[in-house]
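Place chain B on chain A using the hints.
The listed protein sequences derive, respectively, from chains A and B. What the first sequence shows, in this note's numbering, is residues 748 to 1112, in sequence order. What the second sequence shows, in this note's numbering, is residues 507 to 569, in sequence order.
These are computed hints drawn from the structure, not numbers from a lab. A virtual CB, placed ideally from N, CA and C, is assigned to each residue, including glycine. Please note that the accuracy of each hint is not assured.
Label pairs and their calculated CB-CB ranges [said to hold, decoys possible]:
#1 790(A) x 550(B): 40 to 50 Å
#2 539(B) x 812(A): 55 to 65 Å
#3 910(A) x 521(B): 40 to 50 Å
#4 1028(A) x 548(B): 24 to 34 Å
#5 952(A) x 565(B): 29 to 39 Å
#6 930(A) x 541(B): 21 to 31 Å
#7 548(B) x 1006(A): 25 to 35 Å
#8 542(B) x 1025(A): 35 to 45 Å
#9 932(A) x 565(B): 28 to 38 Å
Computed list of lysine-lysine pairs in DSS-like fashion (alpha-carbon distance at most 30 Å, straight line) [as the list claims (entries may be wrong)]:
#10 863(A) x 948(A)
#11 1020(A) x 1007(A)
#12 917(A) x 948(A)
#13 863(A) x 794(A)
#14 794(A) x 842(A)
#15 948(A) x 546(B)
#16 546(B) x 1034(A)
#17 1007(A) x 1034(A)
#18 546(B) x 1003(A)
#19 1020(A) x 1003(A)
#20 842(A) x 820(A)
#21 820(A) x 546(B)
#22 917(A) x 952(A)
#23 885(A) x 836(A)
#24 952(A) x 546(B)
Read off the chains here:
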Amino acid sequence: MYKINLLKTLTFLFFAITISVGATNNTDQTSSAEQESPVKNLKIEIKEYINHHLLDSYDFTFFSYTNDAGEHKYVSAPLPVILIDNGLKIFSSSKFHHGESVAEVDGDYYVVYHNKIYKTDALGTIESDEAHHATNEKPMDFSITKNVVFIIFVGLFMLLIFSRMANSYKNNPMPKGIGRLFEPLILFIRNDIAIPNIGEKHYRKYMSYLLTVFFFIWIINLLGLTPLGVNVTNNIAVTLALALVTYFITTFSGNKNYWKHVFWMPDVPWPMKIILAPIELLGTFIKPFSLMIRLYANITAGHIVMMSIIGLMFVFKNWIGSSLSFGLALALALLELLVAALQAYIFTMLSALYFGSAVEEHDHH
Amino acid sequence: MEIPTIVGAGLIVIGAGLGIGRIGGSAMDAIARQPEASGKIQTAMLIAAALIEGIGFAALFAA
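So here's chain B without its partners, still in its complex pose:
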């Protein structure tokens, strides 16, 4: 692996991590505000996280 590839992979991981972190944080805020809707929020959170993760992995494989 060359150095640019490694840097690119690192950037991808940072981006995906930030994205998933934001989703998780927002979901926690939402659950704290409306604990009764936690099930629905969790589902939506997992879907969004999975989509970001999918893009992250696709980019990692391209790198």
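This is chain A alone, in the form it adopts within the complex:
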């Protein structure tokens, strides 16, 4: 977590939080830093672009470009910002104007600094300590950011698709339409993930969670490969929430045997039991922690490599480099297609494995 904070702190948002009123274009002058050596600048720009891509944002930017007059234009849609700071405050993120101007709401001033909202004065002063962490007061932030929009979108999409599918089975046992695509996947999760890992007796209880988490991660990973710039699963907070649900389900469905194996492992000499108990207890936390890190790191690494390869195109600026990076990006996109499904599968699989260990019934002698 420390590393993430560091990354966020180091990230200088050149493209900032880009806002435009009513999805129209906004302009601002390019920064004076661009008069320095062009190659180094390009590399820094690519790095900043990648860092910017990996972060959540308060608006939905489709793309930005610099026009002939040297003005930076953004094509984007603002999203609502919801703050709790002496009462509920809701306003459009267009008030921030690329994160560069101060938003005034009912006499209070807010500014976006390193992708976080801080309370400030009319001039937008940011006080920082030696480590360059801002010390301004931070309001409670419940904003509908880009990630939240896509989580809600995928949730509604799944609700629509799967409830329609479920209804179509009432009259007709044969799958119809999109059900033909999803039925084998659902059967795969039941027959190859849930039943072997959890067991014939208990698996039904966990099917709803396993199916939900599989399709949620899969669909949202696939959306991350589109040019929309969606990257929900490379936000560690999202994967933390997913892993926490797995952790809670495992913990609350743990039976007598499960806890016995954690705290007082049977059939082991007693000095070993004393050593094993803390390790096993720690293990119950490490399991969801590794789920969180795995999904987050895989998707983040994929996005970074992909964008770096696309960035090569702008570094080389000749036909060899461009064709090379295009070919590599295509190959990598195909690999990412596999990774998107594989990570969803692994998350579901390991969740099922943990649930299975929680409800397993041993017949000890």
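Okay, now just chain B, sitting in the frame of chain A:
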């Protein structure tokens, strides 16, 4: 990033790569020996690979 960090990250990647490579190789041997058990072997292989990968990523983030 300092040089020791980069070297450490490289070592982590080498270790994780060796581990996953061994798992993949052994799984292939096993499938060649018993093609009818390939489904189960693949599942076990993926789980083991995922666990190694998880440790690898955790170490990379620490680096």
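Against the structure, the hints come out as follows:
At roughly 43 Å, the beta-carbon separation of residue 790(A) and residue 550(B) lies within the given 40 to 50 Å, and the hint holds. In this structure, residue 539(B) and residue 812(A) meet the distance hint of 55 to 65 Å, their C-beta atoms being roughly 58 Å apart. Taking 40 to 50 Å as the suggested C-beta distance range, the pair residue 910(A) and residue 521(B) conforms, at roughly 46 Å. Range check, residue 1028(A) to residue 548(B): Cβ separation about 32 Å, and the 24 to 34 Å hint holds.
Remark: the range hint 29 to 39 Å for residue 952(A) to residue 565(B) is upheld by a beta-carbon distance near 36 Å. In this structure, residue 930(A) and residue 541(B) meet the distance hint of 21 to 31 Å, their C-beta atoms being roughly 27 Å apart. In this structure the supplied range 25 to 35 Å holds for residue 548(B) paired with residue 1006(A), their Cβ-Cβ distance being about 32 Å. A hinted range of 35 to 45 Å for the beta carbons of residue 542(B) and residue 1025(A) is consistent with their spacing of about 42 Å.
Taken as a hint, the range 28 to 38 Å holds for the pair residue 932(A) and residue 565(B), whose Cβ atoms sit roughly 33 Å apart. Of the pairs offered as hints, the one joining residue 863(A) and residue 948(A) is violated, with about 48 Å between alpha carbons and a cut-off of 30 Å exceeded. Our distance criterion of 30 Å between C-alpha atoms is met by residue 1020(A) and residue 1007(A), whose separation comes to about 11 Å. For the proposed pair residue 917(A) and residue 948(A), the alpha carbon gap of about 25 Å is at most 30 Å, so the pair holds.
With a C-alpha separation of about 20 Å, the suggested pair residue 863(A) and residue 794(A) falls inside the 30 Å cut-off, and the hint holds. Of the pairs offered as hints, the one joining residue 794(A) and residue 842(A) holds, with about 27 Å between alpha carbons and a cut-off of 30 Å not exceeded. Among the hinted pairs, residue 948(A) with residue 546(B) is consistent with the structure: their alpha-carbon atoms are about 20 Å apart, no more than 30 Å. Under the criterion of a C-alpha separation no larger than 30 Å, the hint pairing residue 546(B) with residue 1034(A) is consistent with the structure, at around 22 Å.
Between the alpha carbons of residue 1007(A) and residue 1034(A) the distance comes to roughly 18 Å, so the proposed pair stays at or under 30 Å and holds. Between residue 546(B) and residue 1003(A) the alpha-carbon distance is near 29 Å, which keeps this suggested pair within the 30 Å criterion. Straight-line distance between C-alpha atoms of residue 1020(A) and residue 1003(A) comes to about 17 Å, which keeps the hinted pair within the 30 Å bound. Taking the CA atoms of residue 842(A) and residue 820(A), the gap is near 16 Å; set against the 30 Å cutoff, the hint holds.
About 54 Å separates the Cα atoms of residue 820(A) and residue 546(B), which puts this hinted pair outside 30 Å; it is violated. With a C-alpha separation of about 21 Å, the suggested pair residue 917(A) and residue 952(A) falls inside the 30 Å cut-off, and the hint holds. Between residue 885(A) and residue 836(A), the direct Cα distance comes to roughly 14 Å. Compliance with the 30 Å bound is thereby established for this hinted pair. A threshold of 30 Å between alpha carbons decides the hint, and for residue 952(A) with residue 546(B) the separation of about 23 Å falls inside it, so the pair holds.
Violated hints, in rising order: 10 and 21; the structure is consistent with all others.
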